[in-house]
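Asks: Sequence:
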Amino acid sequence: MADHGIFEGLHGAYPRALYRAMGYQDADFSRPLIGIVNSWSEVNPGHFHLRQLAEWVRQGVREAGGTPAEFNTVAPCDGIAQGKGMHYILPLRDVIAASIELMVGANRFDGLVMLCNCDKIVPGMLMAAARLNLPTLFVTGGPMVPGRIGEREVMTSDVKEGMGKLKANKISESEFHAIESHACPGPGACNFMGTASTMNCVTETLGLTLPYCATLPALHPDRRELCLASGRQIVGLVEQNLTARQMLTRESLENAIRVVLALGGSTNAALHIPAIAHETGIALELDVFDDLSRQTPLIGKFRPASPYTVIDLHEAGGIPAVLNILSPLLYVDLPTVTGESLRERAARAKPRRPEVLHPLESPLAPEGGLAILRGNLAPDGAVVKQSGVVAGMLRHTGPARVFECEEDLENSLEKTMIKPGDVLVIRNEGPRGGPGMRELSIPAAILTGMGLNDSVAMITDGRFSGATRGPCIGHVAPEAFVGGLIALVKDGDRIEIDIPKRRLDLLVPEEELARRRVDWQPHVPAIRSGFLELYSRIVTQANQGAVLKG
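Using this note's numbering, the first residue of the sequence shown is number 519, and each one after it goes up by one.
Everything labelled a hint here was simulated from the structure, so no lab data went into it. Being a predicted model, the structure only gives us computed values, none of them experimental. Please note that the accuracy of each hint is not assured.
Here are the simulated DSS-like cross-link-like pairs (lysine-lysine), alpha carbons at most 30 angstroms apart as the crow flies [unchecked claim]:
(1) LYS602 to LYS1008
(2) LYS819 to LYS688
(3) LYS1067 to LYS819
(4) LYS868 to LYS685
(5) LYS685 to LYS937
(6) LYS937 to LYS1019
(7) LYS1008 to LYS819
(8) LYS868 to LYS819
(9) LYS1008 to LYS1019
(10) LYS685 to LYS602
(11) LYS685 to LYS1008
(12) LYS602 to LYS937
(13) LYS937 to LYS1008
(14) LYS688 to LYS602
(15) LYS602 to LYS1019
(16) LYS688 to LYS1067
Whole structure, please, built from the sequences with the hints as guidance.
Replies: Here it is as structure tokens:
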């Protein structure tokens, strides 16, 4: 019997016996053992179809002479968890990473295929891949096709914005019900450029998937062959000992950031990419996003910031076409799981649909989609999706309206108490103080639906969705819970936002702030028990990726 890890020699008898109970035979124990890490779930439409994808991957592994063994990890849906459930979502990213790390360590796989698709699952698996540093290949599940109401395309972002339109009496109950009923016609990730699609594009840019995996629709007929080929390819990666960290380098991570910036991707990438870098031992400061954004033109915009979906991006040539356009700005002599270099992958691609993907010579904007703001209100940084902000709100000074949590803001929206020009400050939503750094995408979308996203700004130590548009500034660090200046803001204080100059300032004299600080006490977190109590004690600030440190 070959020297083969967990099945080797006398000590391997016990694992061999237990695997026999599941139908494995002698021949299986001399082949590479491939862990199929599946995040299939009945509580997440982005993952609902992954059982079938896993079957195809398993078949490919066997065709290439490997032994597949599948196990699961959890897979939350950010959309379903909105509100109270959102406290748990970002912490689950690190639980997913830990669960995979521990399962793989216990079972001693030779290689891994990661099946994933959504907001926290993809980065959690990337973090695990970096920790484990085994031959690893990703199969992301692809976007959901849009729904239709007559000739109009609808998707999940339309549901959120429809809530605001309904509140503002811009649509009827029956119109809203039609949006709700048709927005999600089948499995797949949300079809706008939210965190799910952003991180799928990141994974392909890192070279960890087969070409076109990030944007191929979830139920497209080509998915079967993509999965079979991925299963076959992981066996080759094991034979070559091409490991994850060979593709998770400083250069590849900077490439991934540029792709996010060029496509107007989610602000959550500014949490997840530094967290992945942390697992590789690479210090990736938040300012890298801003430096690269100033050098990277915006070549694509997607729903809800434009009419185009992620499927339009696929039809325009997908991530290979994006790499082709951006290649003068990228590190291209980097490996991929197919054995070709990133240069070769980009060179073969042909950008199509120039209205979707613009050339570097005539971009949509000279800078990338994200900007990092600093100032006395965010000395350690804050993040805004500048590609989703109208020109008239890139600079804005207005009176603060302070809310101690998301629910307080939603109650105010119910009463339509928000006025044009207001700067809404929602605090105590940071990684520690929330706990869990909730996503405030529902309030932001309601404001958009109410027609206020062009006249009202939002600032929070929580975060926003990739679907958010308008001057929504998140990730304020330090957060209120640890004494950041956002904790001292009062109603009526003037706040100055200057995105071109990357400034976020509270216009209150220092002596007044000193008086306020004397009386300040930390807000009591909404949840003070179980895992979230532990999380609150050991999680870092947003500018450090909200990673866990004991």
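Asks: Decide, hint by hint, whether the structure agrees.
Replies: Verification of the hints:
no., hint, in the structure
1, LYS602 to LYS1008, "holds (25 angstroms)"
2, LYS819 to LYS688, "holds (26 angstroms)"
3, LYS1067 to LYS819, "violated (36 angstroms)"
4, LYS868 to LYS685, "violated (45 angstroms)"
5, LYS685 to LYS937, "holds (15 angstroms)"
6, LYS937 to LYS1019, "holds (26 angstroms)"
7, LYS1008 to LYS819, "violated (36 angstroms)"
8, LYS868 to LYS819, "holds (19 angstroms)"
9, LYS1008 to LYS1019, "holds (24 angstroms)"
10, LYS685 to LYS602, "holds (21 angstroms)"
11, LYS685 to LYS1008, "holds (27 angstroms)"
12, LYS602 to LYS937, "holds (26 angstroms)"
13, LYS937 to LYS1008, "holds (17 angstroms)"
14, LYS688 to LYS602, "holds (27 angstroms)"
15, LYS602 to LYS1019, "violated (35 angstroms)"
16, LYS688 to LYS1067, "violated (47 angstroms)"
The structure fails to meet hints 3, 4, 7, 15 and 16 from the earlier list, while all remaining hints are met.
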